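Full structure from sequences and hints, please.
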Amino acid sequence: MRLTVNGQTQDAPFRPGQCLRTLLRDLGWFGVKKGCDAGDCGACTVHLDGEPIHSCLLPAHRADGRSVTTIEGLAGPCAPGAPPPETLHPMQAAFVAAQGFQCGFCTPGMVMTAAALDQGQRQDLATALKGNLCRCTGYRAIRDAVAGIGHVETQGDARGEGMGPVGCSLPAPASLGVVSGRAAYTLDLALAGLLHLKVLRSPHAHAEILSIDRAAALAVPGVVAVFTHEDAPKTRFSTGRHEDPRDDAADTRVLDSVIRFVGQRVAAVVAESEAAAQAGVRALVVEYRPRPAVFDPEEALRPGAPLVHDPADHGPPSPGADAPPLRAHPNLVAEAHGEVGDVEAGFAAADHVYEADYVSQRVQHAHLETHGALGWRDEAGRLVIRASTQVPFLTRDALCALFALPQDRVRVVCGRVGGGFGGKQEMLVEDLVALAVLKTGRPVKYETTRSENFSAATTRHPMRVRVKVGARADGRLTAMSLKVLSNTGAYGNHAGGVLHHGCNESIAAYACPNKRVEGYAAYTHTLPAGAFRGYGLSQTIFAVESAVDELARALRIDPFAMRRINAVRPGDPMVSTSLEPHDVHYGSYGLDQCLDRAQDALAADPGAPPPGPDWRVGEGMAMAMIDTIPPRGHFADARIRLEPDGHYALAVGTAEFGNGTSTVHGQIAAQALATTPDRIRLIQADTDAVPHDTGAYGSTGIVVAGQANLFASTALADKLREAAAAKVGADPAACRLTRDGVETPAGRVPLAALAEGGPIEAEGRADGTPRSVAFNVQAFRVAVHPRTGEVRILKSVQAADAGAVMNPVQCRGQVEGGVAQALGAALYEDLRLDDGGGVLTGTFRTYHIPACADVPATQVIFADTHDAVGPLGAKSMSESPYNPVAAALGNAIRDATGARLTATPFAPDRIFRAVMAAGAGAGD
Numbered sequence: 001m002r003l004t005v006n007g008q009t010q011d012a013p014f015r016p017g018q019c020l021r022t023l024l025r026d027l028g029w030f031g032v033k034k035g036c037d038a039g040d041c042g043a044c045t046v047h048l049d050g051e052p053i054h055s056c057l058l059p060a061h062r063a064d065g066r067s068v069t070t071i072e073g074l075a076g077p078c079a080p081g082a083p084p085p086e087t088l089h090p091m092q093a094a095f096v097a098a099q100g101f102q103c104g105f106c107t108p109g110m111v112m113t114a115a116a117l118d119q120g121q122r123q124d125l126a127t128a129l130k131g132n133l134c135r136c137t138g139y140r141a142i143r144d145a146v147a148g149i150g151h152v153e154t155q156g157d158a159r160g161e162g163m164g165p166v167g168c169s170l171p172a173p174a175s176l177g178v179v180s181g182r183a184a185y186t187l188d189l190a191l192a193g194l195l196h197l198k199v200l201r202s203p204h205a206h207a208e209i210l211s212i213d214r215a216a217a218l219a220v221p222g223v224v225a226v227f228t229h230e231d232a233p234k235t236r237f238s239t240g241r242h243e244d245p246r247d248d249a250a251d252t253r254v255l256d257s258v259i260r261f262v263g264q265r266v267a268a269v270v271a272e273s274e275a276a277a278q279a280g281v282r283a284l285v286v287e288y289r290p291r292p293a294v295f296d297p298e299e300a301l302r303p304g305a306p307l308v309h310d311p312a313d314h315g316p317p318s319p320g321a322d323a324p325p326l327r328a329h330p331n332l333v334a335e336a337h338g339e340v341g342d343v344e345a346g347f348a349a350a351d352h353v354y355e356a357d358y359v360s361q362r363v364q365h366a367h368l369e370t371h372g373a374l375g376w377r378d379e380a381g382r383l384v385i386r387a388s389t390q391v392p393f394l395t396r397d398a399l400c401a402l403f404a405l406p407q408d409r410v411r412v413v414c415g416r417v418g419g420g421f422g423g424k425q426e427m428l429v430e431d432l433v434a435l436a437v438l439k440t441g442r443p444v445k446y447e448t449t450r451s452e453n454f455s456a457a458t459t460r461h462p463m464r465v466r467v468k469v470g471a472r473a474d475g476r477l478t479a480m481s482l483k484v485l486s487n488t489g490a491y492g493n494h495a496g497g498v499l500h501h502g503c504n505e506s507i508a509a510y511a512c513p514n515k516r517v518e519g520y521a522a523y524t525h526t527l528p529a530g531a532f533r534g535y536g537l538s539q540t541i542f543a544v545e546s547a548v549d550e551l552a553r554a555l556r557i558d559p560f561a562m563r564r565i566n567a568v569r570p571g572d573p574m575v576s577t578s579l580e581p582h583d584v585h586y587g588s589y590g591l592d593q594c595l596d597r598a599q600d601a602l603a604a605d606p607g608a609p610p611p612g613p614d615w616r617v618g619e620g621m622a623m624a625m626i627d628t629i630p631p632r633g634h635f636a637d638a639r640i641r642l643e644p645d646g647h648y649a650l651a652v653g654t655a656e657f658g659n660g661t662s663t664v665h666g667q668i669a670a671q672a673l674a675t676t677p678d679r680i681r682l683i684q685a686d687t688d689a690v691p692h693d694t695g696a697y698g699s700t701g702i703v704v705a706g707q708a709n710l711f712a713s714t715a716l717a718d719k720l721r722e723a724a725a726a727k728v729g730a731d732p733a734a735c736r737l738t739r740d741g742v743e744t745p746a747g748r749v750p751l752a753a754l755a756e757g758g759p760i761e762a763e764g765r766a767d768g769t770p771r772s773v774a775f776n777v778q779a780f781r782v783a784v785h786p787r788t789g790e791v792r793i794l795k796s797v798q799a800a801d802a803g804a805v806m807n808p809v810q811c812r813g814q815v816e817g818g819v820a821q822a823l824g825a826a827l828y829e830d831l832r833l834d835d836g837g838g839v840l841t842g843t844f845r846t847y848h849i850p851a852c853a854d855v856p857a858t859q860v861i862f863a864d865t866h867d868a869v870g871p872l873g874a875k876s877m878s879e880s881p882y883n884p885v886a887a888a889l890g891n892a893i894r895d896a897t898g899a900r901l902t903a904t905p906f907a908p909d910r911i912f913r914a915v916m917a918a919g920a921g922a923g924d
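Here the sequence shown is numbered in our numbering, starting from 1 and rising by one per residue.
Treat each hint with caution, since some may be false.
[Said to hold, decoys possible] Here are the simulated EDC-like pairs of lysine to aspartate or glutamate, each with C-alpha atoms no more than 16 Å apart in a straight line: (1) 719 to 731; (2) 483 to 643; (3) 719 to 740; (4) 130 to 854; (5) 719 to 643; (6) 719 to 688.
What the hints contain is simulated information worked out from the structure, not anything from laboratory work.
Model, not experiment: these values are computed from the prediction.
Take a look at the structure:
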């Protein structure tokens, strides 16, 4: 067939059944993304004869003789691999000006859809953008882009000349690449001789594999190899990645002879094409011996329950060192216990006590770029893995341990990563790709499908939290108690860490003298849970903040005042389960400002009016505290050098996946070197670039890696002043760095002249201690229809204590995105399982993530603080905006209807039943 793509006429041999999306990528148009393969997400949107379509739904042969425009050619004709255009299409330019993206994986499709809208459609973006999903932004920046509202500043516009770039809303350095489709994500790389890997997954929740017959699969034309548990290392590890691998239970094998959840890997087929690999998977014949299974964590901990990890199979798994199990039950993977004060005496002294059970459901990260990796051998024979990961260095270390390879024989590198939210703090595909490369000697690609992402990747930990709180009549808390049961699924990745974290800051935020925690994480025969935005706090804060709200109501105290009475303040110990010393300090404190500003904003503007007289209006709020860095070790190295042309090359280990670290790294280095960010060339997320980086998780991309960058850049600035001073015979203290030179008493020395004398470079290292705390306060005004259970958000406000805000437009976007994602979990997201443990919600049509129509605008207000711990006064602000949202929304619904919802999501039927049970129904 022949078609015209971006003005280029191309002969395009297509495969039977091939869709236009895969054909375009085969032709080198990598701006066309895969997010679902079902027409649900819009990431693959192109123009066919001028009309936007989802290219994953169009058979390739139907484009024969027609004209296709992809994001690369929106601004004008171009060839595959051409650099970005000198002049952007107006819609591309608008997305840059509004910073209408974060990870940017959805952006090519979003821009293509938006560029085709007429003026009428732009007035109803909820409808016009219903076919395009974004998991990162919360859609406000996208709506602004379509409306032509810009937010980016120049350094001079923002703060005046000489003030430096930190604090400016500068655009992301990848902006041009993202909006033009040139930003290279994980799989946007053409490799000669590439093999494709597909996985056979288990239909059973618990079974022993008796045999795998691969003969028919190997007979499929194009199949190169089949791998089973007989071919894989026997070493057990954890897919969860931490600085100390012993933090997580070592209970996983690359391929196992025992199946523990529906969707677990059984075998891998490697072939010349995806179709051949999939045909090979279908041809495999497996004989299973099913075993009894247990799906509920409470049942799993009863005597006689089926064992998820039977010691008779491979011996008992090695427990994780973070919150290890204290009892002998084989299905108990982690525990957390502690008590301070006398809890029972505290409850006895209370004038009012509230106790209830709260349930948080299983939710999925739903990053638009699914898990995937490419692997090959480089010219030196080293194993190279290009992965969609938040933790390239920890992944390298895990691969070295699994395959008995020295560190200098393995390189892990990231392209731009299409979202993470904690889901890519796991090693879910890289081990299989490494196995296939090592066995075949050829390049290998493995990209999970959207269905696999739902059924076989990790989720948020479902939790049941029994909370009990007591207070005196004046509102002062006398005792707090949590009993937490977490369902970690079939494997214990992050089980202990999530349990411990969830039981920590949720109650450490309150200055209560008597506290008790009992926490348990149980194995079940369900898909594994793992790291997820908030890392356990969203579940426990939902319970704690709902309970504190009930106390305030019973005592007739304003909910904001209730927090002011009880919240920790500088000088108060931050205590959850122990009085032991720790390294968390009040580097700054903005909770008081957050409470005041959220309350004032809610009072100042009522927001949208209720839809009608039958709707009931209410307000609710919740607060959250988070440690700015995870405990137990987080390290980062940075290197920076002066280049021959007078620019700087900055190497950091952190990956960019919409967290904004790339932008801020440039701002930090430029601030220290008295230059502008455009003179900083960033090298990142490559294990060859710096000695080590624990990874971009726990909101550490700025507060740890940024600190290392600041140390390195400051050291380089000193060296440059010394070099310039030596060149002219001056005192270094009398020399001053400028954008492209050094001003000395003898005149200006260009940076390029300094570089002529040889490399000038510096290194920095941060160790993640001490740590500070950040705060968030979320407030809502809602309308609820008592007879339908429908909720409308009339006003949403979040006040955030982020320390010195390095890039306001990006930090605002992090907050908005966190609120939007949390609203999805609070209102409708629910990864549901059938009676046999299989996932029922395996597509975006059955698992509802927020679309443009679903997300209200959130007013974001920053506290005015400057942190003594973080780099240049900054604190973390990626995870924490998520944490108070469900509780604040539940409290607002309670205020409107009188009904207390104790389980998420707040689906209309649950709201209706709760309202009826509370006797708050109106009319009939």
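Restraint status (C-alpha distance of residue 719 to residue 688 at most 16 Å): violated, 24 Å
16 Å Cα cutoff - pair residue 719, residue 643: Holds, at roughly 14 Å.
Restraint check for residue 130 with residue 854, where alpha carbons must lie at most 16 Å apart: This hinted pair holds, its Cα atoms lying about 10 Å apart.
16 Å Cα cutoff - pair residue 719, residue 731: Holds, because 13 Å separates the two Cα atoms, which is no more than 16 Å.
Distance restraint between residue 483 and residue 643, which requires alpha-carbon spacing of 16 Å or less: violated, 57 Å
Proposed proximity, residue 740 with residue 719 (alpha carbon, max 16 Å): Holds: residue 719 and residue 740 sit about 15 Å apart, inside 16 Å.
Checked against the numbered hints listed earlier, the structure breaks hints 2, 6; every other hint is satisfied.
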